[in-house]
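Visitor: Listed below, chain by chain, are the residues.
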Amino acid sequence: MVRHLVGSRIRERRERLGWKQVALAARVGISPSYLNLIEHNRRGIGGARLIAIAEALGLDLRELSDGANVTLTHDLTAAIPADDTEAEADQIDEFVSRFPGFAALVARQKHELDARERSIEALSDRLAHDPYLGEALHEMVSSITAIQATSGILTSAEAIEPLQTRRFQNNIHEESNRLTDLAAGLSTYFDRISDESPARTTPVEEVEGYFAASGFRFPDLEHAGPQELAALIADAPELVSDAARHIAGDILSALAADARALPQAAFLDAAAEVDFDPIALARRFDALPDRVFRRLAFLPAGAEAPKVGLFVIDSTGAVLLSRRLAEFALPRHGAGCGLWPIYRVLSRPHTTDAVVLQTEEGDLFHAHAFARYHPTGNAAVPEIVRATMLIRPISGDTVPTPPVRSGASCRICLRSGCGARREPSLLRPPRGRLA
Amino acid sequence: MTKKHVLLIEDEPNIIEAISFILQRDGWKVSSHSDGLSAVEAVTAATPDLVILDVMLPGRSGFEILRDLRAAPATGALPVLMLTAKGQARDRQEAEAAGVSHFLTKPFSNQEMLSVVNGMVQ
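In order, the protein sequence lines correspond to chains S and C. Position one of the first sequence corresponds to residue 838 (this note's numbering), numbered consecutively onward. Position one of the second sequence corresponds to residue 81 (this note's numbering), numbered consecutively onward.
Hints are computed from structural coordinates only; laboratory data are not their basis. Some hints here could point you the wrong way.
Chain S stretches covered by chain C per the calculated footprint, using a threshold of three residues with CB under 8 Å from any CB of chain C [what the hints assert, rightly or not]:
(1) 888 to 894
(2) 999 to 1013
Which chain S residues face chain C? A few, computed with CB under 7 Å, are given here [as the list claims (entries may be wrong)]:
(3) V978
(4) S979
(5) I981
(6) I990
Glycine included, C-beta positions come from ideal geometry on N, C-alpha and C.
Assemble the whole structure, with the sequences as input and the hints as a guide.
Guide: As structure tokens, then:
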């Protein structure tokens, strides 16, 4: 028996206790056939259901699941191209269970591929629309045309006056010099391009890599001045490009300001009193909610606080910062789930939206979202909107409000009858209209 | 017999010199004009038998000049040869849409230039 599979462990324990599948299934409120699929590792299990089974079997949750890796499953599903018919999409859970290392590798490679594709698009776009290159090409064609026509004359059979010959030779020489200068200019230009662009990632990804490497934990930024922040950035091996350092610098400055406005000790005490409710904290400290969201997500190392997810977007939907939880997948780029409150608050800045989200795995989360204007310094478009969402796992059985049944992203979501769906799921063949 | 007159609208001096030499040696009268903005007026004033027009000129694109020439009754049927850059398929489509009589891609062979312009004006 393969010991490390969740389903196998459930089966093993059940049999040791001498229970039939019917009995255990009834205890946790699922059908015996579904339990059978779970026990044979044909279906994953997580969240509330996993907790219920663990309780029923008298097992510690940790004994059953080694961190049911919801996020990895999502990433792998997304890694399958839409027209692929060979990958065993319906056996992803088993793949993750049996080969977590390989599964993580596939997910990583997909991420890498996406990053390179974006790099290529950016570079191609640049080549196609670069005015310097267009101009240089035009000049080269002109020069070559002159040389072609002139040398054709000089090599033709007909006699030419010596003075005219001399003139033509001079012209060829002149154009050759011009071509030499053009070639040198292009050479320098391409050198400059390859120096500027980082080898593999976009600045936003470098920043993401930096925060991930830091574990979203920084030494206390409360007393960090501009020099300390600059030193942090300069020391970061993940930040290669100037753009990435700039973006990371902006984020760190904001975090330092958060730390000053919400000093750690006082903040943690208050947070413990209100069970880490961000709205109560915002009221208590007279701070804007998104500041509280960020503070909760970036508490210094060692602080006793629950793990939270953070998602920051601008009004184009572009992801500015994304901190995922193992059980709540957040996109690194592009669209999430249309049911998330972060998208609603974009059109209602300075109001807070709070909902309870239930993922497909059955896990429950508090989701708070708040959007705010940011000045642009551009008279034509004086402000833009940025929105922040905080994701906090809900523990225990009590759910304060009916949850919104959401997913991670339409492409890999199996919910049916969702009005917010924008594309069919990879995991279900389209039936002529969107599911 | 009066020589056929070709007006060359081109701003690269060495190209002008080469084309002028080739066509003069073939019996043409060649004049040139280098500025795009005043090109249409220059054609109207010179009344050539043929115009050789480059795609890229200072001040105005060859296509705009061609469209203006086609729009005016005096020059509506004037034979116009456009010089486009090799590999720019879009240029050729636009040239055809603008009413070009013929086009040659740069760089061109001198032989081809001669046979094309002679073919355009009987």
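Visitor: Hints first: check each against the structure and report whether it holds.
Guide: Hints and how they fare:
Counting residues of the stretch 888 to 894 of chain S whose beta-carbon sits less than 8 Å from any beta-carbon of chain C gives 0, not enough to reach three: the coverage restraint is violated. Remark: the stretch 999 to 1013 of chain S is confirmed as covered by chain C, as 6 of its residues place a Cβ nearer than 8 Å to a Cβ of that chain, reaching the required three. Given hint, V978 of chain S at the interface with chain C, holds; its Cβ is 5 Å from that chain's nearest Cβ, closer than 7 Å. At a threshold of 7 Å, the smallest CB-CB gap from S979 of chain S to chain C is about 5 Å, leaving the interface hint in force.
The interface hint given for I981 of chain S is met, as the beta carbon of that residue sits about 5 Å from the closest beta carbon of chain C, less than 7 Å. The beta carbon of I990 of chain S is positioned within 7 Å of a beta carbon in chain C (closest approach about 6 Å), and the interface hint is therefore held.
Consistency with the previously given hints fails for number 1 only.
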